[in-house]
Amino acid sequence: MGVPVPFGQFIPGDSAVHRTDPRVKLATVALYAVLLFSARGWAGLAIAALAGAATLGVSRVPVRLALRGLRPVALLLMLTLVANGLRWRPESALLRLGPLGVDGVGLSTGAFFASRMILLVVGTSLLTLTTSPVGLTDALSRLMRPLRAVRVPVDDVAMMFSIALRFIPTTAEEAEKIIVAQTARGAVFDEGGLVRRARAWVPVLIPLFVNLFRRADALAIAMESRCYTGVGRTRLHEPSMRVADWVTLAAGVSLTLGALVLLP
Amino acid sequence: MGLILQGIGYTYSAGTAFSQRALEGVTLTVERGDLVLVLGATGSGKSTLLRVAAGLLAASDGTASVDGEVLTRASARGVMGLVFQDAESQLFAETVADDVAFGPRNLGVATSDALAAAREAMKLVGLDPVTYGGRSPFSLSGGEARRAAVAGVLAMRPRYLLLDEPTAGLDAHGRRAVRGIVETMRESAGVVIVSHTAEEFLDRASRVLVLAGGSVAFEGSGADVVSDPSLLDVGDLRPPDVLRVQQLARTRGYDVGEFSLDPHHAAEKLARAGGWL
Amino acid sequence: MLRFNDVSFSYRPSGREVRALRGVSLCVAPGELIGVLGSNGSGKSTLVRLANGILLPEEGSVEVDGLCTSDEMGIHSLRQSVGVVFQHPDDQIVATTVEDDVAFGPENLGLDRAQLRARVDESLAAVGLVGLERREPHLLSGGQKQRLVIAGAVAMKPAYLVLDEPTSMLDPQGRADVLAVIAQLRASGRGIVHVTHDLAEVVHADRVVVLRGGEVAFTGAPQELFVRPELLESCGLEVPPVVALVERLRALGVPVASGISDPTMLIEALWD
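In order, the protein sequences belong to chains P, X and Y.
Numbering of the first sequence is given in the numbering used here, commencing with residue 1 and proceeding in unit increments.
Numbering of the second sequence is given in the numbering used here, commencing with residue 1001 and proceeding in unit increments.
Numbering of the third sequence is given in the numbering used here, commencing with residue 2001 and proceeding in unit increments.
To be clear, the hints were calculated from the coordinates, so they are not data collected in a lab.
Mixed in with the good hints there might be a few duds.
To be verified - Sample of chain X residues at the chain P side, in silico, Cβ under 10 angstroms:
{"#": "1", "residue": "A1054"}
{"#": "2", "residue": "L1056"}
{"#": "3", "residue": "R1073"}
{"#": "4", "residue": "G1081"}
{"#": "5", "residue": "D1086"}
{"#": "6", "residue": "A1087"}
{"#": "7", "residue": "L1107"}
{"#": "8", "residue": "A1110"}
{"#": "9", "residue": "A1149"}
Said to hold, decoys possible - Covered stretches of chain Y (chain X as the covering partner; in silico rule of three or more C-beta atoms under 8 angstroms from a C-beta of chain X):
{"#": "10", "region": "2034-2046"}
{"#": "11", "region": "2167-2173"}
{"#": "12", "region": "2231-2238"}
Beta carbons: idealized from backbone N, C-alpha and C, even for Gly.
Can you make the complete structure from the sequences, with help from the hints?
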């Protein structure tokens, strides 16, 4: 048994954002990204930022959690600022550091790109923070349904994702168990060069994979035994669009279109 | 000398929102020839205790030493042998012999010596090296795989053998095989068995500890538990059925004398107490 | 009736022939509990997979209420009639929450939302997991996982249930919970095949079938087995301690019925 840790980033809650249909959330994040990448001036970014901030506020997700997603890209942000803001022997500069000069326009461009990235990351973080992984995969599979017309096995793919999700914690537990068992047999995982370390993982990866294959076979048998054929399935939980969801979607579309059309 | 755990405490995820106190003030000594039976229900801390004893977890409180040295992951290597529940999931090598030799090789033993130790260990668990040595571990049956995993630990010639539910999921034949291995290992090592049922090893245990809520609720000899099975109540554990029958007879006023784990002896006592004999 | 008619089956890993079952016959009627006993390698697990057509017999046939497992057209219907619970619960749980997993089978039948809800609620109640609907499976105890898998099978409303060593990896509490559920399912009129290597679990069965090396070594009442320790020994089985105690009592002339395996019931039988 394990201690309940929120999987990935999802933190259950009861705000209007949490309750919005995941398909609408996916669509609005897509629109948000479109807006961010089409905006050619700060005004566009500002509108997106306002929308993002408003959503963040309604979701009651703590700001520091939303900003946590920025940690992995902090280096990239720095590089963007530096690459754009510094010039080699410029004619005019705000500040000189030896042969390098800080260029006002370049800095502004760098800041624009960096801000865009920040907004994108925070926006998508908000999506995964307020939507359960199951909700996301369900939404994706429902949105993909039209692809059935071109023979894409949408339902099978959706089932695959759902099963994969279900087995992540179980597989993690098993991996831990095997690592501990091999450690108890004297295996060492943190010594030596790259090759030696890579080889040290073989006694963990092999049993893990063998077990995964065995489990896949057993699961297939269990699913067949419960009459799974891949077609004709109904669902216990299938959220349908509420008025609020349509309104949110409409607001997102109009805001995006409006900003794109009206702003320079 | 011996494996000495003194006042051991352990907290999982200490300092976080998920911190959990799993062990409190546990003291345990094991020497060569001992068979210490640690009983406890799920959640009593028995598996944590085993991992601390194996040097895999560093105790949050208390001291642990093995044969005079402080117990650490490094000092435990090759000295403490730990056999997990469904140990067969650790098998990975191309042949059974290679898998069993994995432990000794990790300890720096030369390949030929490691394979020799592997063959010895396989004989100990009843897997003939000639027949099984070259086979893939994944071709073994459940019981054979379990034995191969145990051999993998025995091949390291540990001075202390720690077993977590060694008979879980085994049939009568498999259980008997494990009992035999345990008795053989006692001759050269100290053995600790962790379990949620008293049945299997109570008669051979030199000492019994009952864990409840992370602390030792009872400590005594196997004979103590046999003569008073109610001692197991503190751990939420069921006494072996044969003892329970004698316990119930006694509470009804029938004098069965000293309890026995053997069904035949117990039957005779009951028959006499009930006046049929 | 769930019927095995003189069934034989062999595995053929890389050319060799491993005979798993030979000439095995047994039948289960609704409301009956049949215990299938055998040590590891006796063919028990093969029997389970033949029950609902996962494996097809090489000789003989398996029928469920008239439908044959080799009939492809009827297999869907047959699998609704026979619910099978295999050995490791983690290898059978498909969904991310308890209720979604119980619903999996009925969802495959295309039932509407109200029916799905009803099936899920009834099945969870039958196995005592009410209140855990939204729990993630990896947070359940072993006994709870096993009961979840049973609920998933029960949700198909089968007339027969085949359980393959459902308690083998469980702790005493989990074991007791699962055995209680099985007893209740039998009481509610289903035909149950309980496969195990522990005789103590099937002392109350209507009939037991003992497999040895793929063949039937014994069919009859559990009580008849208790007085044949040599047969049990040759099949890799053990007499449960209390049952052995009772047989010794009887040998000493104590008037007590054979086959009691529960300590409290034995004391009551002796002195009440």
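Here is what the structure says about each hint:
{"no.": "1", "hint": "A1054", "verdict": "holds (6 angstroms)"}
{"no.": "2", "hint": "L1056", "verdict": "holds (6 angstroms)"}
{"no.": "3", "hint": "R1073", "verdict": "holds (8 angstroms)"}
{"no.": "4", "hint": "G1081", "verdict": "holds (8 angstroms)"}
{"no.": "5", "hint": "D1086", "verdict": "holds (9 angstroms)"}
{"no.": "6", "hint": "A1087", "verdict": "holds (7 angstroms)"}
{"no.": "7", "hint": "L1107", "verdict": "holds (5 angstroms)"}
{"no.": "8", "hint": "A1110", "verdict": "violated (15 angstroms)"}
{"no.": "9", "hint": "A1149", "verdict": "holds (8 angstroms)"}
{"no.": "10", "hint": "2034-2046", "verdict": "holds (count 3)"}
{"no.": "11", "hint": "2167-2173", "verdict": "holds (count 5)"}
{"no.": "12", "hint": "2231-2238", "verdict": "holds (count 3)"}
The structure fails to meet hint 8 from the earlier list, while all remaining hints are met.
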